[in-house]
Structure formats: structure tokens, C-alpha cells
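Sequences listed follow chains U and S, in order. Residues 0 to 488, numbered by numbering that gives the first Met the number 0, are exactly what the first sequence covers, in order. Residues 0 to 488, numbered by numbering that gives the first Met the number 0, are exactly what the second sequence covers, in order.
There's no promise every hint is true.
[Said to hold, decoys possible] Within a straight-line C-alpha distance of at most 25 Å, the following computed SDA-like cross-link-like pairs (lysine to any residue) qualify: (1) LYS144/S / GLU264/U; (2) LYS144/U / ASN327/U; (3) LYS144/S / ARG89/S; (4) LYS144/S / GLY110/S; (5) LYS144/U / ALA117/U; (6) LYS144/U / SER268/U; (7) LYS144/U / ALA339/S; (8) LYS144/S / GLY183/U; (9) LYS144/U / TYR182/S; (10) LYS144/U / ARG326/U; (11) LYS144/S / LEU128/U; (12) LYS144/S / HIS360/S; (13) LYS144/S / GLU121/S; (14) LYS144/S / GLY269/S; (15) LYS144/U / GLU233/U; (16) LYS144/S / ASP187/U; (17) LYS144/U / ARG133/U; (18) LYS144/U / GLU264/S; (19) LYS144/U / ASP337/U; (20) LYS144/S / ALA267/U; (21) LYS144/U / ARG118/U; (22) LYS144/U / LEU128/U; (23) LYS144/U / GLY269/U; (24) LYS144/U / ALA267/S; (25) LYS144/S / ALA162/S; (26) LYS144/S / SER268/U; (27) LYS144/U / ASP126/U; (28) LYS144/U / LYS144/S; (29) LYS144/U / ALA267/U; (30) LYS144/U / GLY269/S; (31) LYS144/S / ARG349/S; (32) LYS144/S / PRO353/S; (33) LYS144/S / GLY269/U; (34) LYS144/S / GLY479/U; (35) LYS144/U / ALA350/U.
Hints were generated in silico from the structure; no laboratory data involved. From a predicted model like this one, the values you see are computed outputs, not experimental measurements.
Protein chains: 2
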Amino acid sequence: MGPDTATGADGPHPGCSRAHAAVRTDSDTPDLGELAARLSAGALVTDPEVVASHSFDKALFCPVGTARGLVRARTVDDVVATMRFASAHRLPVVTQGARTGLSGAANAVDGCLLLDVARMDEILAIDPLEQTCRVQPGVINQDLKNALAEHGLAYPPDPGSVAISTIGGNVATNAGGMCCVKYGVTKDYVRGMTVVLADGTVTTLGRSTAKGVAGLDLAALFVGSEGTLGVIVEITLALRAAMPPALTAVGLFPDTASAGTAVAEYMASGAGPSMLELLDGRTIRAINAYGNFGLPAAAGALLLVQSNAPGQSAVAELEAFQEIAERNGGLEVHFSDDPADSELLVAARRAVSPALERQAHLVGGGELIDDICIPRSRLGEFFSRLEAIEAARGVEIFTAGHAGDGNMHPTVIFDARDEESTAAAQAAFAEIMQLGLDLGGTITGEHGVGYLKRDWLDRELDAGAALLHRRIREALDPLGILNPGKVFT
Amino acid sequence: MGPDTATGADGPHPGCSRAHAAVRTDSDTPDLGELAARLSAGALVTDPEVVASHSFDKALFCPVGTARGLVRARTVDDVVATMRFASAHRLPVVTQGARTGLSGAANAVDGCLLLDVARMDEILAIDPLEQTCRVQPGVINQDLKNALAEHGLAYPPDPGSVAISTIGGNVATNAGGMCCVKYGVTKDYVRGMTVVLADGTVTTLGRSTAKGVAGLDLAALFVGSEGTLGVIVEITLALRAAMPPALTAVGLFPDTASAGTAVAEYMASGAGPSMLELLDGRTIRAINAYGNFGLPAAAGALLLVQSNAPGQSAVAELEAFQEIAERNGGLEVHFSDDPADSELLVAARRAVSPALERQAHLVGGGELIDDICIPRSRLGEFFSRLEAIEAARGVEIFTAGHAGDGNMHPTVIFDARDEESTAAAQAAFAEIMQLGLDLGGTITGEHGVGYLKRDWLDRELDAGAALLHRRIREALDPLGILNPGKVFT
Numbered sequence: 000m001g002p003d004t005a006t007g008a009d010g011p012h013p014g015c016s017r018a019h020a021a022v023r024t025d026s027d028t029p030d031l032g033e034l035a036a037r038l039s040a041g042a043l044v045t046d047p048e049v050v051a052s053h054s055f056d057k058a059l060f061c062p063v064g065t066a067r068g069l070v071r072a073r074t075v076d077d078v079v080a081t082m083r084f085a086s087a088h089r090l091p092v093v094t095q096g097a098r099t100g101l102s103g104a105a106n107a108v109d110g111c112l113l114l115d116v117a118r119m120d121e122i123l124a125i126d127p128l129e130q131t132c133r134v135q136p137g138v139i140n141q142d143l144k145n146a147l148a149e150h151g152l153a154y155p156p157d158p159g160s161v162a163i164s165t166i167g168g169n170v171a172t173n174a175g176g177m178c179c180v181k182y183g184v185t186k187d188y189v190r191g192m193t194v195v196l197a198d199g200t201v202t203t204l205g206r207s208t209a210k211g212v213a214g215l216d217l218a219a220l221f222v223g224s225e226g227t228l229g230v231i232v233e234i235t236l237a238l239r240a241a242m243p244p245a246l247t248a249v250g251l252f253p254d255t256a257s258a259g260t261a262v263a264e265y266m267a268s269g270a271g272p273s274m275l276e277l278l279d280g281r282t283i284r285a286i287n288a289y290g291n292f293g294l295p296a297a298a299g300a301l302l303l304v305q306s307n308a309p310g311q312s313a314v315a316e317l318e319a320f321q322e323i324a325e326r327n328g329g330l331e332v333h334f335s336d337d338p339a340d341s342e343l344l345v346a347a348r349r350a351v352s353p354a355l356e357r358q359a360h361l362v363g364g365g366e367l368i369d370d371i372c373i374p375r376s377r378l379g380e381f382f383s384r385l386e387a388i389e390a391a392r393g394v395e396i397f398t399a400g401h402a403g404d405g406n407m408h409p410t411v412i413f414d415a416r417d418e419e420s421t422a423a424a425q426a427a428f429a430e431i432m433q434l435g436l437d438l439g440g441t442i443t444g445e446h447g448v449g450y451l452k453r454d455w456l457d458r459e460l461d462a463g464a465a466l467l468h469r470r471i472r473e474a475l476d477p478l479g480i481l482n483p484g485k486v487f488t
Numbered sequence: 000m001g002p003d004t005a006t007g008a009d010g011p012h013p014g015c016s017r018a019h020a021a022v023r024t025d026s027d028t029p030d031l032g033e034l035a036a037r038l039s040a041g042a043l044v045t046d047p048e049v050v051a052s053h054s055f056d057k058a059l060f061c062p063v064g065t066a067r068g069l070v071r072a073r074t075v076d077d078v079v080a081t082m083r084f085a086s087a088h089r090l091p092v093v094t095q096g097a098r099t100g101l102s103g104a105a106n107a108v109d110g111c112l113l114l115d116v117a118r119m120d121e122i123l124a125i126d127p128l129e130q131t132c133r134v135q136p137g138v139i140n141q142d143l144k145n146a147l148a149e150h151g152l153a154y155p156p157d158p159g160s161v162a163i164s165t166i167g168g169n170v171a172t173n174a175g176g177m178c179c180v181k182y183g184v185t186k187d188y189v190r191g192m193t194v195v196l197a198d199g200t201v202t203t204l205g206r207s208t209a210k211g212v213a214g215l216d217l218a219a220l221f222v223g224s225e226g227t228l229g230v231i232v233e234i235t236l237a238l239r240a241a242m243p244p245a246l247t248a249v250g251l252f253p254d255t256a257s258a259g260t261a262v263a264e265y266m267a268s269g270a271g272p273s274m275l276e277l278l279d280g281r282t283i284r285a286i287n288a289y290g291n292f293g294l295p296a297a298a299g300a301l302l303l304v305q306s307n308a309p310g311q312s313a314v315a316e317l318e319a320f321q322e323i324a325e326r327n328g329g330l331e332v333h334f335s336d337d338p339a340d341s342e343l344l345v346a347a348r349r350a351v352s353p354a355l356e357r358q359a360h361l362v363g364g365g366e367l368i369d370d371i372c373i374p375r376s377r378l379g380e381f382f383s384r385l386e387a388i389e390a391a392r393g394v395e396i397f398t399a400g401h402a403g404d405g406n407m408h409p410t411v412i413f414d415a416r417d418e419e420s421t422a423a424a425q426a427a428f429a430e431i432m433q434l435g436l437d438l439g440g441t442i443t444g445e446h447g448v449g450y451l452k453r454d455w456l457d458r459e460l461d462a463g464a465a466l467l468h469r470r471i472r473e474a475l476d477p478l479g480i481l482n483p484g485k486v487f488t
């Protein structure tokens with residue numbers, strides 16, 4: 000993020016245009032007092048400064064519109080009243096959680112109502128027998144994890160924003176994280192949900208049982224829909240027994256390509272690591288500069304591997320990693336079963352985000368975080384072509400990512416005050432998405448489309464799929480009031 | 000199934016009404032010769048006997064209409080030509096695989112074209128590095144498993160029809176099976192697919208990578224859509240490393256309620272069995288009568304448990320089962336690490352289907368297989384209420400099922416030649432679905448809705464969800480030609 004977010008300021012990010020997509024707005028000025036009267040006391044906020052400070056998420060280079068007002072919903076009824084009012088007056092509605100998204104999906108559009116569900120943050124039920132829970136959308140991921148731990152239960156998905164992002168936002172973007180390589184993504188844990196549709200209808204989708212095939216899987220359709228189909232007001236999640244502690248190994252490599260090849264071979268061997276993360280040399284040094292992590296500064300790349308397989312199986316899995324790493328040019332592999340070592344290494348990996356924010360701050364605040372996912376077998380090729388993009392565009396790219404899933408986050412750091420640097424960074428950012436597509440992958444593995452990548456979605460989808468998207472959106476939101484201009488152009 | 004299917008005869012099942020849902024048909028008679036000219040040579044079959052013999056699946060009590068013709072598609076182009084022709088003439092199209100479904104979803108509707116994709120049966124690619132494969136829809140599940148085993152890979156979903164059903168049909172119904180308790184259902188393995196839409200448009204949905212959030216999850220929407228949204232012509236599946244061999248335990252109980260309670264407690268303990276099946280006493284005796292399996296005939300219920308956890312963990316998991324079984328009234332628990340014992344027990348479990356067919360044959364051919372899924376914690380209550388239904392209706396219910404998932408198959412056996420017996424069986428069948436709903440579950444865990452349960456879908460869905468179903472179906476199939484009258488009334 001730019002320097003202002005690094006310091007916690009409230010303004011939109013540098014590079015955030017005030018321009019915006021054409022959105023449908025009411026030519027009459029609706030009386031927001033009418034809406035306020037139907038909401039919980041104090042739920043409607045119209046103070047322009049407060050509304051403006053809630054008008055954007057953590058994406059750069061995305062339009063930020065001027066919202067008409069902010070609804071801080073406390074109840075399902077607040078959401079229903081908001082959607083009825085918005086439908087009656089054809090007002091755009093942008094649903095927001097913690098606004099930690101990286102693609103601008105929560106940014107205001109002109110004339111919209113911001114619908115903040117972060118205060119609907121109750122854990123409604125934890126069922127240890129059935130290993131499920133029901134939560135409101137504003138529950139913070141880590142808070143849920145903590146509450147579940149008391150019952151010996153776990154909700155695995157762990158996006159980088161785990162400490163600050165909401166379950167509702169995680170569901171709306173199908174969030175991932177470091178555990179996905181073994182435990183899957185958010186959609187693998189969503190059994191059912193209650194949503195408020197564009198016209199204010201409340202409906203429950205999906206199921207609460209382990210299996211179920213009654214009708215279309217509409218809950219799955221809503222996962223990752225980024226606020227374009229309805230407002231999620233309650234979620235039923237599958238849980239699992241608390242995960243056992245993991246053994247950790249660190250492998251050092253002379254370069255990213257050899258690390259990528261080792262990942263591909265290790266995963267193809269049938270290994271089931273509970274974490275397999277990659278940091279390139281630049282990112283290692285940025286982390287060391289940010290905190291006192293003591294990572295090996297000379298390495299060209301580092302792989303962080305964990306196994307929580309039972310008993311001696313974890314050791315066997317890490318020994319297999321060592322063997323494959325060494326065969327692929329790995330320089331050193333260290334093991335540890337000391338939880339303190341593991342925690343420090345995971346903390347170092349989690350420090351990528353603030354470390355790169357700081358790095359950006361040093362050179363002029365520009366940071367574009369990409370998020371492609373490719374077949375693991377093509378990681379080696381990916382890294383060599385990434386180097387070519389760097390060289391051709393004269394930009395600095397820091398790469399970390401969930402290598403075990405082929406989900407990489409090359410981050411372009413640049414001087415946002417300088418037009419030429421900014422243009423080069425944006426060109427590199429686009430070329431990275433194209434590289435993802437060229438290698439048989441996707442433009443976004445876990446961050447979503449929002450505004451940031453909406454021009455690219457049509458490159459990934461064929462004409463038929465693009466048409467289906469539009470038809471389904473129209474079927475669910477005939478007035479086009481739900482997060483208009485996001486995901487689709 | 001009825002006696003005629005038990006003997007492999009081609010006629011529709013006893014009890015299969017010739018009445019049918021009102022379907023849209025062309026008042027003009029379209030010239031099928033035009034269609035034939037656009038298809039692979041010999042793909043169009045109009046011989047009434049052949050067409051009639053392809054007009055139904057394995058469901059009882061479902062209408063079987065009179066089809067206009069049968070297309071045995073060999074290529075995607077055949078499917079495209081069929082859908083274009085059907086759209087031009089507004090002809091209903093019923094897509095079929097191996098017609099092993101249990102809900103009538105593949106049954107003909109009057110005036111339809113049957114679109115059989117079973118001959119599109121090529122495994123297009125197996126990628127051991129990425130652990131994925133691409134298959135045509137007609138590939139038989141077991142054939143795929145066999146091909147993958149040569150690469151050390153596995154595709155876990157294993158419906159009872161694994162030896163004869165197609166992957167396309169498995170995807171269209173989101174098939175489950177015995178492995179689900181540890182390995183999930185079909186949807187957990189579908190990454191992407193190519194479909195032909197109602198108007199003949201070919202489009203690719205989903206992705207081939209481990210993660211991806213570019214746009215709506217339309218591949219997930221098509222999984223379980225029972226031929227109502229489009230025709231699946233290619234599927235990209237996620238695979239996993241071959242599963243390790245399992246240890247097996249058998250637990251005997253005095254009655255089903257105590258077995259159900261043991262299941263609930265065992266699963267809540269955080270156990271991760273690779274199989275957890277339940278057979279009631281009647282089913283045990285039906286299996287013994289069918290084959291020489293030597294199951295303990297006096298038991299009131301039997302639990303079959305496997306663990307394939309690595310090393311000593313499997314033993315620990317089965318010892319935990321033993322302890323919980325005994326605490327819940329279990330009479331005996333036997334262990335075995337002899338693969339021959341395991342195979343015999345699994346074969347006995349797989350014999351439920353033919354054993355109950357034979358049982359039905361003995362009393363007059365009537366068999367209604369139900370498929371509810373409930374919270375595991377309510378299994379004990381489920382069994383006592385099931386006994387009450389039996390008593391009140393004077394019917395015989397044989398129950399087996401995937402108890403670890405709460406997915407039970409109570410099967411009502413009756414005299415299909417006798418009206419009173421048939422009426423009592425149908426009433427009991429409906430009451431079992433209502434019991435599923437009453438206990439917080441679903442009317443179908445893995446068999447789908449088709450014709451058999453379409454009147455019940457609206458009881459499970461609330462008004463909003465029912466409306467969304469209709470809107471999405473209309474958005475994708477505006478002429479209403481895709482499997483009309485199925486799933487929805």
C-alpha cells in the first residue's frame with residue numbers, strides 16, 4: 000500500500016483516480032431520512048468525511064466514487080430495509096466488510112449507498128457434534144478461529160488478512176491463504192448462507208449437512224461473487240478438528256526457477272504439506288529490512304514447508320522434500336520441530352505484506368500486488384518469464400506466494416509520484432496477468448476481480464462464459480444496483 | 000429395482016407411469032433427417048424400440064415419456080448440432096449417460112430428443128505433475144480409476160454405481176459414495192468443464208489450476224444441475240495421490256439407534272475415517288441371503304469403519320472407534336489388517352443394492368430408495384422415528400448408508416402389484432423425506448431430485464431460493480428445452 004495507508008491515514012491511496020465507472024443513479028434525490036427511519040438507530044451515516052473514509056478498500060489504481068451515505072447495518076432487517084430502499088430508488092449498493100480487499104470491490108461508486116456489515120459480528124452457534132458453526136458476516140476470521148479453538152475445532156482458511164478481515168468478505172471473495180495447499184479455500188467450508196437479494200427478499204441457500212444435492216448449488220454461486228448477487232447476512236461453515244502442530248523445513252535455493260521446479264516435483268510426488276510458501280531473494284531482503292527475522296539474505300529463493308501429518312509421517316514428508324530440493328539445486332535444507340522456530344518463520348512469511356508496504360514507501364509509495372495462479376509444473380517457466388518482464392519494463396518485482404498451489408503474488412514496487420515509473424509498473428502488472436493466462440492459469444487465484452482486473456476478466460472468459468455471467472447477474476439483480484461496475488465492465 | 004431390471008430386461012420399471020409432465024413440444028413435426036445430416040454417421044436413432052429402451056433410468060414411480068429420437072453423440076459437434084436443432088424447433092432435450100440414476104432425471108419426456116453422451120468416453124489427458132485429468136463425459140468412473148492407478152493417482156468419488164456410471168452423470172448429479180466422509184463428493188474434484196448451452200454455444204467454465212476466483216463459479220453451478228442448464232461435454236478433474244490401504248473394523252450393535260449415536264460421537268471426536276457405513280439388521284440378513292458373506296445375522300446394526308491414516312495412526316483411530324462403540328452399547332468390535340477381510344467386507348457393503356433388488360423381487364418388485372442427509376448428531380433420533388414410520392405404515396424398511404456423513408438410504412420394499420402396499424410404501428417414502436427436513440437435513444444427499452423428488456424440492460427451498468432457481472434456469476435456457484419437468488415442477 001501507499002505511504003498513507005502504511006501510516007493508517009484515512010485518505011484514498013495515491014494513484015486512486017476520482018474518475019469512476021458509469022453507474023445507474025437516481026435523477027431524483029431520494030430522501031435518506033426515509034431510509035434512516037427504517038434502520039436501527041444511528042445506522043445511517045451521511046457525514047461526508049466519514050462516508051469518504053469508508054469509500055475504498057486496500058487496492059491501488061481503482062476508481063473511488065462519491066457515496067450518498069453509509070449504512071452500518073446491525074441486523075438483517077437493516078440490510079432488508081437498505082435493499083428495499085435502494086431498489087425503490089434504483090440506488091447502487093456497495094457491500095463492505097473490513098475493506099481489506101485488494102481489488103477495489105468495496106470501493107464506492109458515485110451515488111451509492113455503502114452497506115457496511117462489519118458490525119453484524121456475532122458468532123451465532125458453534126456445534127461441536129456436527130462440526131459446524133453459524134456466523135454473521137462481520138465476524139473477524141481470527142476471532143472465529145480463537146472461539147473454535149476452545150472447542151478443539153478449526154476453520155482453516157487463513158488469508159493474509161486473517162487478523163483483520165471478516166468471514167463475510169472472505170466468502171464474498173472466496174479467500175485463500177497459506178493452508179489451502181492442504182486444506183482448501185473458503186468455498187470448501189461454506190455449506191449454506193442466508194442472503195438478502197437486490198429487492199430485499201431474504202433467502203437461505205445451501206444446507207447445513209455434510210452432503211446435499213437438492214437443487215442448484217446456489218451457495219457455491221454466491222461464494223466469490225464480490226457483492227454482485229446479493230448481501231450475505233449469515234453463513235454456515237463446515238469445521239474440522241483442530242489441526243495438529245506442524246514440523247517446519249526451510250529450503251534455500253540459488254534462484255527462483257530452481258525453487259519453482261522443486262515445488263512442482265515435490266507436489267507431484269504425492270506429498271501433502273500443510274504449507275508450501277515461496278519467497279524470492281528480494282522479498283527475503285525486504286523482510287529482513289522490515290523486521291529482525293534473520294532470513295538468509297544471500298539466497299535467491301526460499302521455500303517454507305510444513306507438514307502436520309501424524310507421527311513419523313511428518314518427518315518422512317520433510318525428508319522427501321529435502322531430497323527433492325537437493326536434487327533440484329537446493330543449497331541447504333533446515334528442519335525444526337521447535338514450535339518457536341516454526342512460529343518465527345511463519346511470522347516472517349506473514350511479514351511480506353508490511354515489508355513490501357515499507358519497501359514501496361521508500362521508493363515513492365507505488366505497490367501493485369498481482370495474484371495469478373498457474374499449473375505448478377510451470378513455475379520454473381513462470382519465473383524466467385517474470386524476469387524478462389522485469390528487465391523489459393525496468394521495474395522491481397518482489398515475488399512471494401502459495402507455491403504449492405501455483406498461486407503467486409508478484410508485487411511491482413514503483414514510484415507512484417512518477418508518471419513513467421507508474422506506467423511501467425502498470426504495464427508489468429498487466430503482463431503478469433497475461434503470463435498467467437499464457438501458462439494455462441488465471442488472472443486471480445484468491446484476491447478477486449473487483450475494479451482492478453475487470454478489464455481482464457473478459458480475456459480469461461470465453462464469449463459464452465461472459466454471456467452467462469451477464470445473464471445470471473441480470474437474473475438476480477434486474478435493476479443492476481448490486482456493486483455495479485465491479486467484476487464486469 | 001423391480002424384477003424386470005433385476006433380470007436385465009429393457010422395459011420400464013413396474014410402477015413407472017406412462018403419464019408425464021406437460022412439456023413444450025413443437026406442433027410442427029421437425030424433419031429429423033435434417034438433424035441426422037449434421038451428426039456423425041449413424042448417431043441418430045429413431046427405431047422406436049431402441050428409443051424406448053433408452054427412455055428411463057433406474058428410478059421407480061417416475062413418468063417415462065415418448066421420445067422423438069435418440070442421438071448417440073460421438074463428438075462435441077454432435078452435441079452442438081443437436082442443441083441447435085432442438086432450439087430451432089423448441090424440442091426438449093434429455094441428456095443421458097449410463098442411465099444409472101435413481102431419480103428419473105434421465106427419463107424421456109414426450110417429444111424430446113434423448114442425447115446420449117455415453118460414447119464420448121475418451122480420457123483426453125492425465126497430468127501426473129499437476130494431478131489433474133481431462134475426460135469426456137462418457138468415461139466410466141471405474142475405468143478412470145483404473146487408468147489413474149497406473150500413474151499412482153486417484154479420483155476418490157465412488158458412488159454405488161462406480162463400475163457402471165459415467166463421470167458426466169456423476170458430475171450432473173454431484174455423486175457421492177463411501178469415500179465422501181474423508182474425501183468429499185464429486186464437486187470437490189471438479190475444476191472446470193466445457194458445456195454446450197441450450198442454443199448450441201460451446202463454453203468453458205471454471206479453471207484447471209488449484210485455485211482461481213476470476214468471475215462467478217459457474218462450474219460449481221453446473222455440478223448437480225441434472226441436465227437443466229447445459230450439456231457437459233468435457234470435465235477437468237482434480238486428482239490426488241493414490242490413497243493408502245486401509246485398516247478395517249466392524250462394530251456390532253443391538254439396534255440402529257445405538258449405532259447411530261456411536262457414529263455421531265465418533266465423528267465429533269475429530270476422527271477422520273476413510274469409510275463409516277451403517278447397515279441395519281434387515282439389510283445384513285438380506286446381504287447374507289443374497290451372497291455368502293457370513294455377516295453376523297443376529298446383529299441389530301453393523302458399522303463398517305476404515306482408516307487409512309498413515310502408520311500407527313490408523314490403529315489409533317480404530318481403537319478410538321472401539322472405545323466409543325463399546326461405550327454406546329456396541330456388542331463387539333473386530334479389527335483386521337488383512338486386505339482380504341477388508342475386501343470381503345466392502346464387497347458385502349456394495350452388495351446392498353443387488354441384495355435389496357432381490358429382496359424386492361421376492362415380495363412383488365417394489366423398491367423405493369430414499370436418500371436423506373441429516374446432522375450426524377441426530378442419527379439416534381432418526382432411527383427411532385423411522386421405526387415409527389414403519390410401524391404406522393406397515394411397511395418394511397431396509398436401511399444402509401454413509402452414516403459418517405449422516406447420509407442414509409432407507410429403502411422401502413413392497414409389493415408393487417398391490418395397490419395398498421404401493422400406497423403405503425409411497426407414503427412412507429414421503430414421510431422419510433419429511434423426517435429428513437424435520438431433523439434439519441435435506442431430501443437428497445447424493446441421488447438428486449429428477450422427477451422423483453421434484454414435488455418435494457419446494458418444501459426444502461424457501462420462496463426466495465425457489466425463485467432464484469427459476470430465474471437462473473430461465474436465464475440459461477430461455478426456451479425451456481433442457482430436461483423440462485425435472486428438478487422443478
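Query raised in the report: Given the hinted pair LYS144/U and ALA339/S, is their alpha-carbon gap at most 25 Å?
Result: With Cα atoms ~43 Å apart, LYS144/U and ALA339/S exceed 25 Å; violated.
Query - Holds or violated: LYS144/U to ASN327/U, with C-alpha atoms at most 25 Å apart - result: Answer violated: LYS144/U to ASN327/U is near 37 Å, above 25 Å.
Query raised in the report: Do the alpha carbons of LYS144/U and LYS144/S lie within 25 Å of each other, as the hint requires?
Result: 37 Å, violated
Query raised in the report: Holds or violated: LYS144/U with SER268/U, Cα cutoff 25 Å?
Result: The given pair, whose Cα atoms are some 31 Å apart, is violated under the 25 Å limit.
Query raised in the report: Holds or violated: are the alpha carbons of LYS144/U and ALA267/U at most 25 Å from each other?
Result: This hinted pair is violated, its Cα atoms lying about 31 Å apart.
Query raised in the report: Keeping to a limit of 25 Å between CA atoms, is the pair of LYS144/S and ALA162/S held or broken?
Result: OK: LYS144/S and ALA162/S at ~10 Å, within 25 Å.
Report task. Given the hint that LYS144/S pairs with GLU264/U, test it: the Cα-Cα distance must not exceed 25 Å. Result -> Answer holds: LYS144/S to GLU264/U is near 23 Å, not above 25 Å.
Requested in this report: Given the hint that LYS144/S pairs with GLY110/S, test it: the Cα-Cα distance must not exceed 25 Å.
Outcome: Violated, because 37 Å separates the two Cα atoms, which is more than 25 Å.
Query raised in the report: Between LYS144/S and ARG89/S, does the CA-CA distance stay at or below 25 Å?
Result: 39 Å, violated
**Report entry** Pair hint LYS144/U and GLY269/U, alpha-carbon separation not exceeding 25 Å
**Finding:** 29 Å, violated
Report task. Sort out whether ASP187/U lies within 25 Å of LYS144/S, counting only the CA atoms. Result -> Measuring from Cα to Cα gives roughly 23 Å; hence the hint holds.
Query raised in the report: Can the restraint linking LYS144/S and PRO353/S be considered satisfied, given a maximum Cα separation of 25 Å?
Result: Status holds; Cα separation ~22 Å.
Consistency with the previously given hints fails for numbers 2, 3, 4, 6, 7, 10, 11, 12, 14, 23, 28, 29 and 34, ordered from lowest to highest.
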